[in-house]
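Listed below, chain by chain, are the residues.
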Amino acid sequence: MSIKDKVPVTILTGFLGSGKTTLLNRILSEEHGKRIAVIENEYGEVGIDQGLVINADEEVFEMSNGCICCTVRGDLIRVLGNLMKRRDKFDYVLVETTGLADPGPVAQTFFMDEEISSEFTLDGIVTLVDAAHIDQQLGRSDESSEQVAFADVLVLNKTDLVSDDALDTLESRLRDMNRMTRIIRAENAKVPIETVLNLSAFDLDQILKRRPTFLEPEYPFEWTGVYDLDAGKYELMLEEGPDPEMSLVALDNQGESEEELKDGAESSVRLYAEKANTLEPGNTIPYGDHINLKLEDKGNKSFILNIEKPTKIGLFTQHTAEEFNMKVIKSEENKEIPFNIERFWQAEHEHDDEVGSIAIERFGDVDPEKLNTWMGRLLSEKGIDIFRTKGFISYAGNPRRIVFQGVHMLFTAQPDKEWGNEPRRNQLVFIGRNLNEKEMQEDFDKCLI
Amino acid sequence: MPDIEPFSPRGMFHEGWTAEVNDYAIACGWALKGKQFIVGDVAGGLFAFEGDTGKIIWEKENTHSGGLLAMAIHPEGEIFATSGQDGNVQICNCHEGKVIKTLDLGKGWVEHLKWSNDGLFLAIASSKKVYVLNEIGEEKWISEDHPSTVSAITWSNKNELATACYGRVTFFDILNNKTNQKLEWQGSLVSMELSPDGDIVACGSQDNSVHFWRRSTGMDAEMTGYPGKPSHLSFDDSGKLLATSGSERITVWSFIGNGPEGTMPGELCHHTEPISSLAFSNKGMLVASGSRDGSVVASFLKKDGNGDLVGAAFAGDLVGAISWRPDDCALAAVNAKGVVNVWKFKVRTNLFSKGFK
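Chains as they are written, first to last, in our numbering: chain A, 2 to 450; chain B, 1466 to 1822.
Where hints are given, some of them may not hold.
In silico PhoX-like cross-links for lysine-lysine, where the CA-CA straight-line distance does not exceed 20 Å [as the list claims (entries may be wrong)]:
hint	chain 1	residue 1	chain 2	residue 2
1	A	Lys336	A	Lys234
2	B	Lys1811	B	Lys1748
3	B	Lys1802	A	Lys90
4	B	Lys1802	A	Lys7
The set of hints was computed from the structure by calculation and includes no laboratory data.
Take these sequences, add in the hints, and give me the full structure.
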């Protein structure tokens, strides 16, 4: 049976009072042409309006081997096992968990039980958070941070009760915890249905189509300026700043619309993943390359920009222009050319929560054997703390991309589409508790060829 | 050659009859000493056929709103019980299908029904509770809540009921409302069978193993290495062979001698997809299996659990349930498309094999 014939399942998690039942009712009452079977674990005060609803007590079954990845949800196996025989009655399944549910066993059920995995496919995990209360909940309980960590989609609900500033802060906190997730703000759980159903969140190809780097952006650069430049020679002047060096990517033909800026940022993120070429003052800046400007000397330092024909140059810089009083000067006229537009980006920063995401992005190929050894060791040692793993890898000698998916220690690695002309690269995201980013990145680097 | 008498073809499955029910058939069984065959479908349809011809005798629809979950025919074959997602249990008469008694046990699914061997009691599992009724549907005993949903029930003797749930098997003396024994094992027990003498308890576990206990000695053992969870278990009538399956393969443990601990089990590999139903014949060492691929196979086993295929047929789609006629001279299979197949099954007895003299 191919994945297309399997019934998709969405898991709806969130603390009591976060609006799960409201969202469920909304989904059931909307015209979407799907016949949805609901498995409900919480007897909320608000009833479910319609649909095929099955109540089941949550039953978490641990196994004698003590392995947490073998922990499954017995109630789901039973109920889904029965639903399997009534496939003509529905074409989608929604599982609503109780507020205190650990999403791990729910997700693992779809990997661990052969009967279930042969008929159903986990489409995605949607977590509702109550914008007014999640801050305290995250401090108090492991379950709420795990629900955030597992989410493919986070619905930041009840936004009307919280100020915009507080929402921004909260969103960035949640984003730190889970960089794979998509955050949707909502009042009264009002979200477009297509943002929560049929996500194919476990189908990486779909995710990559939506977002080529699939990580919600957290950029290795803080600032972009777009300069409209005629043909000629220019200098990029920098004064002393907070760092003795600065990374930069210069792109030509950079558009000024938000979309074009984001496209540019996306390309720059990939370029930033490559090793930087160091430039001394007086050197010429190449386009489309990750470079590192040496800024140790006192006073003004300048680097050369050669423009052959009129174009717009986008500079994606590690720090803001202001920090180095960075200017573009036309050499012949000694005239400063101001930027047409500037854009600040959310930069990578320190993470406070125990639960966080680690992203590894590298160009090139990995040695499959080394990678397997490393992943095997990592997951056996840290599997309890690693909630989800997602990503793709370029195996040396393999024309196809290898897609990784994991929940705790369980992971699958499958060949996916061919690389074709795309540059070969690796992207892995780990979401977990107390993960050592530096160590993991270094270990991954050792797997590169 | 006057000594040689002709006998029927050698294949063990002979054409019998076929019929259809309205939905995915999940339960079936023989009533009235094999004169009638009753089939239940997932939507709650019940159908009674003439055992020899397949002619419909009666049919009923929507017996349980939300769907049927279990059916059990009384050992005398005059009445049967059904249960469903509506939390109800019905006891019906086999001749006309008329409801004799309906019990409402509340909201939970009623997933398991078992008549005691002497037919005096009906055990019912619904969520975490087990109920015992007498033949006319009067409540005789109710268990306390089990720690989790009860996953299997079976009678160990006429007054003793065994229940399985997450982490344990419990034996209840239902007449004296007493717990006789608790066997604990941290694992999700998904199936349970007892040897006919009630001594050996075998359970399939979610962690792809079969766990068994000998009640008389207190010894227990775990058989691991199954590719899937062993949902299907069946003892032969002597209690010497236990057929188990959690994949397309059937593993047979032999309790003869010191086994099965430390012995190699027998293996039957006749199906291409996982087994969906498994049943020993009422007498003898014949085991029938039905698979998700629609194949139905009968194998004749030796004492060590290995065996030979003696017949095979195609049931058309995933085999929902199989059932041997009480005299073992017919085998029935019902499938996910609602098709009923009944084959005559010929065992080569001395009488038949005269031709070889």
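Hints, one by one, checked against the model:
1. A:Lys336 with A:Lys234: holds (12 Å)
2. B:Lys1811 with B:Lys1748: holds (14 Å)
3. B:Lys1802 with A:Lys90: holds (14 Å)
4. B:Lys1802 with A:Lys7: Status holds; Cα separation ~18 Å.
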